[in-house]
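Could you slot chain B onto chain A? The hints should help.
2 protein chains.
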Amino acid sequence: MKATFYEGQHTFSVAEKELQTPAKGEVRIKVAYCGVCGTDVHIYHGMMDKRVQIPVTIGHEMSGEIDAIGAEVSGYAIGDKVVVRPLDHRAEQPSDKGFSHICKDLKFIGIDSPGAMQQYWNVPAFTLHKLPTETDLQLAALVEPLSVACHDVRLSGLQAGEVAVVLGGGPIGMLVALVAKNAGAKVFISEVNPTRIQLAEEMGFTVVNPAKTDLVEHIKAQTEGFMADVVFEVAGVQPTLDVMTEVAGIRGRIVMVAIHGQAKPVDLFKFFWKELKLIGARVYEPEDYEKAIELITKNELPFSSLITAIQPLTNIQQVFENIDKNPDGMKVLLDCQN
Amino acid sequence: MKATFYEGQHTFSVAEKELQTPAKGEVRIKVAYCGVCGTDVHIYHGMMDKRVQIPVTIGHEMSGEIDAIGAEVSGYAIGDKVVVRPLDHRAEQPSDKGFSHICKDLKFIGIDSPGAMQQYWNVPAFTLHKLPTETDLQLAALVEPLSVACHDVRLSGLQAGEVAVVLGGGPIGMLVALVAKNAGAKVFISEVNPTRIQLAEEMGFTVVNPAKTDLVEHIKAQTEGFMADVVFEVAGVQPTLDVMTEVAGIRGRIVMVAIHGQAKPVDLFKFFWKELKLIGARVYEPEDYEKAIELITKNELPFSSLITAIQPLTNIQQVFENIDKNPDGMKVLLDCQN
Numbered sequence: 521m522k523a524t525f526y527e528g529q530h531t532f533s534v535a536e537k538e539l540q541t542p543a544k545g546e547v548r549i550k551v552a553y554c555g556v557c558g559t560d561v562h563i564y565h566g567m568m569d570k571r572v573q574i575p576v577t578i579g580h581e582m583s584g585e586i587d588a589i590g591a592e593v594s595g596y597a598i599g600d601k602v603v604v605r606p607l608d609h610r611a612e613q614p615s616d617k618g619f620s621h622i623c624k625d626l627k628f629i630g631i632d633s634p635g636a637m638q639q640y641w642n643v644p645a646f647t648l649h650k651l652p653t654e655t656d657l658q659l660a661a662l663v664e665p666l667s668v669a670c671h672d673v674r675l676s677g678l679q680a681g682e683v684a685v686v687l688g689g690g691p692i693g694m695l696v697a698l699v700a701k702n703a704g705a706k707v708f709i710s711e712v713n714p715t716r717i718q719l720a721e722e723m724g725f726t727v728v729n730p731a732k733t734d735l736v737e738h739i740k741a742q743t744e745g746f747m748a749d750v751v752f753e754v755a756g757v758q759p760t761l762d763v764m765t766e767v768a769g770i771r772g773r774i775v776m777v778a779i780h781g782q783a784k785p786v787d788l789f790k791f792f793w794k795e796l797k798l799i800g801a802r803v804y805e806p807e808d809y810e811k812a813i814e815l816i817t818k819n820e821l822p823f824s825s826l827i828t829a830i831q832p833l834t835n836i837q838q839v840f841e842n843i844d845k846n847p848d849g850m851k852v853l854l855d856c857q858n
Numbered sequence: 521m522k523a524t525f526y527e528g529q530h531t532f533s534v535a536e537k538e539l540q541t542p543a544k545g546e547v548r549i550k551v552a553y554c555g556v557c558g559t560d561v562h563i564y565h566g567m568m569d570k571r572v573q574i575p576v577t578i579g580h581e582m583s584g585e586i587d588a589i590g591a592e593v594s595g596y597a598i599g600d601k602v603v604v605r606p607l608d609h610r611a612e613q614p615s616d617k618g619f620s621h622i623c624k625d626l627k628f629i630g631i632d633s634p635g636a637m638q639q640y641w642n643v644p645a646f647t648l649h650k651l652p653t654e655t656d657l658q659l660a661a662l663v664e665p666l667s668v669a670c671h672d673v674r675l676s677g678l679q680a681g682e683v684a685v686v687l688g689g690g691p692i693g694m695l696v697a698l699v700a701k702n703a704g705a706k707v708f709i710s711e712v713n714p715t716r717i718q719l720a721e722e723m724g725f726t727v728v729n730p731a732k733t734d735l736v737e738h739i740k741a742q743t744e745g746f747m748a749d750v751v752f753e754v755a756g757v758q759p760t761l762d763v764m765t766e767v768a769g770i771r772g773r774i775v776m777v778a779i780h781g782q783a784k785p786v787d788l789f790k791f792f793w794k795e796l797k798l799i800g801a802r803v804y805e806p807e808d809y810e811k812a813i814e815l816i817t818k819n820e821l822p823f824s825s826l827i828t829a830i831q832p833l834t835n836i837q838q839v840f841e842n843i844d845k846n847p848d849g850m851k852v853l854l855d856c857q858n
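Chains as they are written, first to last, in this note's numbering: chain A, 521 to 858; chain B, 521 to 858.
Keep in mind that the hints were calculated from the coordinates and are not lab data. Take the hints with a grain of salt, since some may be wrong.
Claimed, not checked - Label pairs and their in silico Cβ distance ranges: (1) A:Met567 - B:Glu744: 30 to 38 Å; (2) B:Asp762 - A:Pro759: 43 to 51 Å; (3) A:Gly595 - B:Gly745: 32 to 40 Å.
Yeah, the Cβ is synthetic: ideal placement off N, Cα and C, and Gly gets one too.
Only chain A is shown next, with the shape it has when bound in the complex (with noise of 0.2 Å):
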């Protein structure tokens, strides 16, 4: 089989390995594809260096197939479709309060533990959910960032009918609003890349672009004052934050999905005036992997407007240079089966 491994210094190798056989507990996955994640193209540029253990497989957006089963493995059959929810909380403590997916000593299978982007994957079987037959694979690698939308939108309480607003129109973003639109909110993304806002506008969503209109008064104009239900914060930069206070309407609520660094200035006033909540949201919970599957299989979102392209496993390199020179794509994926 195939493995790619990433060496440091901005380096994918590629090379043969033998085939494992499953541990008690673990499956092997025949990889049919793997997404590239933000996370990746960080380890790619040796942000993580200190974390992952080089050389490593990485990636886990993934689907595929059951290949081989190991010991004490049940409800599982070889050639099942599945998705891994890369979650190992087996270290999990009473302080955790059984918020397993955000334990303090959680391993992300894929960062801290080797990952998808080769032919064969063994994982423990606790991470699976099975796929319908009718599935589609290439979509179904869009399970795992999916997943984190339907995550962000049920803890957002997003109800049918209200304003959300979605700061960043990069994969996530529009995972989020595609998610939040069909949960029957009417959905405004904010994005200033060109390129992003015409796909979020062919996918049908209405699109700002801050640079040229002013958000909040374009967002009171059209809810007539009552200004945002939800607010997404997935982009991550200061001018976000700052709008996000102002976008969101009396008790809205804000989800902060964007990973920031470091402290930065929050208008704490109007959390005080409006009554405002601001909801931290990290990966996501079996639920949000039932419901993520549920709109893949069902395939009434535009999801394969988001898939870039599709390369060779072998090509990860490329792949991977080609993601710094073009930051306007969304999704690529690595096709692992050949």
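Frame of chain A, contents of chain B only:
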């Protein structure tokens, strides 16, 4: 009747004024006691000269009895003990979504219109809450700030058995701590002022002085690593903003009680990582007043310990000067009866 007036320039006057017949929909209250709020001190300091209409009678933390009743007021009789919920929401709009207590065009009675630091006070009947006949009118002057605390605790969703950390042991912090403890929480107060520490300890609270003890390590040890379920940020300073995200456990809720006049650095990464919630809370709703009246009337909590002094209304100038000289004090009441 005697009335007091803020005249600007750190100056109050006391003057005789004609009793006014209550207008339609209003009652006249014979004011018993009126507490001095931090906002009143801000006004005295000239911080709100642009908002108040000098000369103005301020004050909103009051108790009293109905003295006269205007046309079209029902359900009240002369002699009824009452407190006023000083929110005039008559300019409420649909886009306020029914949250009248924080509606965009809210007028605060005692700031935007005359307040209670006078012997008789005419107010709209919709602001009234009736007190039981047995309620102590001195303690009842605490109903307004206690309602703030009831609102904060209610919005936090605090459950019996949870751990609450109150950052700041001033009057509102102490009331929040009392309400949280009464709701069955294990309460810690973080405070640096020795006088306030002593008072809080006399009231039965566990107090941590973060200038001497590492608050985060202390809470960690005391909670077996669970940390706080709910944090109340009442102090309004950068160190409490820095610690609030540290001291909160997984899915902890942080209630923003303090008023932060400008944007300040917040560790948003911790909101993401631990899925924290920040909950803005402002003033109160009718049910918070009812809860506060119930607590004050039962008088099972050490409310009287929070009353630092009771001074005649005519001493108002000296009262405000003394508050500036003695920042350790808690609540000073003006006796408006003579």
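List of violated hint numbers, smallest to largest: 2
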